[in-house]
Amino acid sequence: MSLVFSLTSNKMKKVFTILCLCSVAILFACEPALENIFEVYTIEKNDHYSNPRHIESLQSNVLIFQARFDSSAIYTLAEAYQDSKNKLLGFADCNSMHHENSARFAWQWYHNSIEIYAYCYANGERVEEFLGRVGIGEIASYKLELAPGAYVFTFKDRRVEIARTAKCNTGMYYMLWPYFGGQLPAPHDISISIKRY
Amino acid sequence: MKTYLITITLITSCIVVNGQRLYSRIALENTVVGTRYGAAAGYMANNRLQLGVFYQRPANAMKNDFISDNTFVGIEVLVPIAKSERLCFGAQLRAGLVGHRFMAVTPGFRTSVRLSPRLQAIAGMNWRFNRPAHELGIQFNL
Numbered sequence: 070m071s072l073v074f075s076l077t078s079n080k081m082k083k084v085f086t087i088l089c090l091c092s093v094a095i096l097f098a099c100e101p102a103l104e105n106i107f108e109v110y111t112i113e114k115n116d117h118y119s120n121p122r123h124i125e126s127l128q129s130n131v132l133i134f135q136a137r138f139d140s141s142a143i144y145t146l147a148e149a150y151q152d153s154k155n156k157l158l159g160f161a162d163c164n165s166m167h168h169e170n171s172a173r174f175a176w177q178w179y180h181n182s183i184e185i186y187a188y189c190y191a192n193g194e195r196v197e198e199f200l201g202r203v204g205i206g207e208i209a210s211y212k213l214e215l216a217p218g219a220y221v222f223t224f225k226d227r228r229v230e231i232a233r234t235a236k237c238n239t240g241m242y243y244m245l246w247p248y249f250g251g252q253l254p255a256p257h258d259i260s261i262s263i264k265r266y
Numbered sequence: 027m028k029t030y031l032i033t034i035t036l037i038t039s040c041i042v043v044n045g046q047r048l049y050s051r052i053a054l055e056n057t058v059v060g061t062r063y064g065a066a067a068g069y070m071a072n073n074r075l076q077l078g079v080f081y082q083r084p085a086n087a088m089k090n091d092f093i094s095d096n097t098f099v100g101i102e103v104l105v106p107i108a109k110s111e112r113l114c115f116g117a118q119l120r121a122g123l124v125g126h127r128f129m130a131v132t133p134g135f136r137t138s139v140r141l142s143p144r145l146q147a148i149a150g151m152n153w154r155f156n157r158p159a160h161e162l163g164i165q166f167n168l
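Respectively, the protein sequence lines represent chains A and B. Going by the working numbering, the first sequence opens with residue 70, and the numbers climb by one from there. Going by the working numbering, the second sequence opens with residue 27, and the numbers climb by one from there.
This is chain A alone, in the form it adopts within the complex (with noise of 0.2 Å):
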């Protein structure tokens, strides 16, 4: 069946394109500036994905974000799974699945604070490095280089490089989100609010 049909009236052409133009007009005034938009990424009780789920592919060399926690980052779970990583923002390295080769950032509630890791995978091998504690209600800046040997992670002036084993350097770069686990899901909702740059 073909979707296209023709507008005959004239009538219809105008209402067409009144509601067109407007709907540029509206949307044009209505979007944010992007520094002022805080996005709240929630992991629901028992869930590892975050909502809103978007589908992005990374378009630049860097990923620079700020991330605020609140007290539902405060948890407790098992003691065998208390130190496992949840995931804050990162991406997957070229046309690699995410467990083959990424980039992210990590947190955990552990010590009764906040603690940010880099957490990689390079071949598919898993590499972590504690970058340091951020508190609840502190908004911190985050920023993610893909250098061309390098994952260079900076937060609270501490830099950390993991070595990247992708070869490729064209293509899909997809985006990694908020997910909790690690193996459990999330103990109670979950709240993170990130603003992109």
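Which chain A residues stay away from chain B? Per the calculated CB distances, all over 10 Å, these: (1) E113; (2) K114; (3) D116; (4) R137; (5) Y144; (6) Q177; (7) G193; (8) E198; (9) I208; (10) I231; (11) A232; (12) G250; (13) G251; (14) P256.
Distance ranges between label pairs, derived from CB positions: (15) V105(B) with Y150(A): 47 to 55 Å; (16) L75(B) with E207(A): 46 to 54 Å; (17) R227(A) with P133(B): 38 to 46 Å.
Residues from chain A that keep clear of chain B, each with C-beta distances beyond 10 Å, as calculated: (18) H117; (19) D152; (20) A191.
These are calculated hints, taken from the structure and not from any lab test. Think of the CB as a built atom: it goes at the ideal place given N, C-alpha and C, for glycine as much as any other residue.
Go by the hints and put chain B onto chain A.
Frame of chain A, contents of chain B only:
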């Protein structure tokens, strides 16, 4: 260089053979990370389906200055959904490389209004950087 020469030769040949069905377009796109400008050229079928190539670059520096090259180059296709003599509303898909490295796909909708037999005004809404982006432009039918 060889690729560019072949591309230019093919486009020139198409102009000679099918000049009445080629289009070129200049456009501005307002994205969440800044305004971009660019051009496109391609082939338009009788049912107004369009297939072409496009080039786009930022009109000003990105809000962070870490990206040295974020031109967006690729192919585009427009499928008409509703059309009349003067109007055409269609779904478009652009796919290409940002900074010659990062693959990106941007779906959207576009309305064109015929101003003269060879000139059309374009208004579109695309999905870029996970946010709506708005496009305005002028299309020339060659």
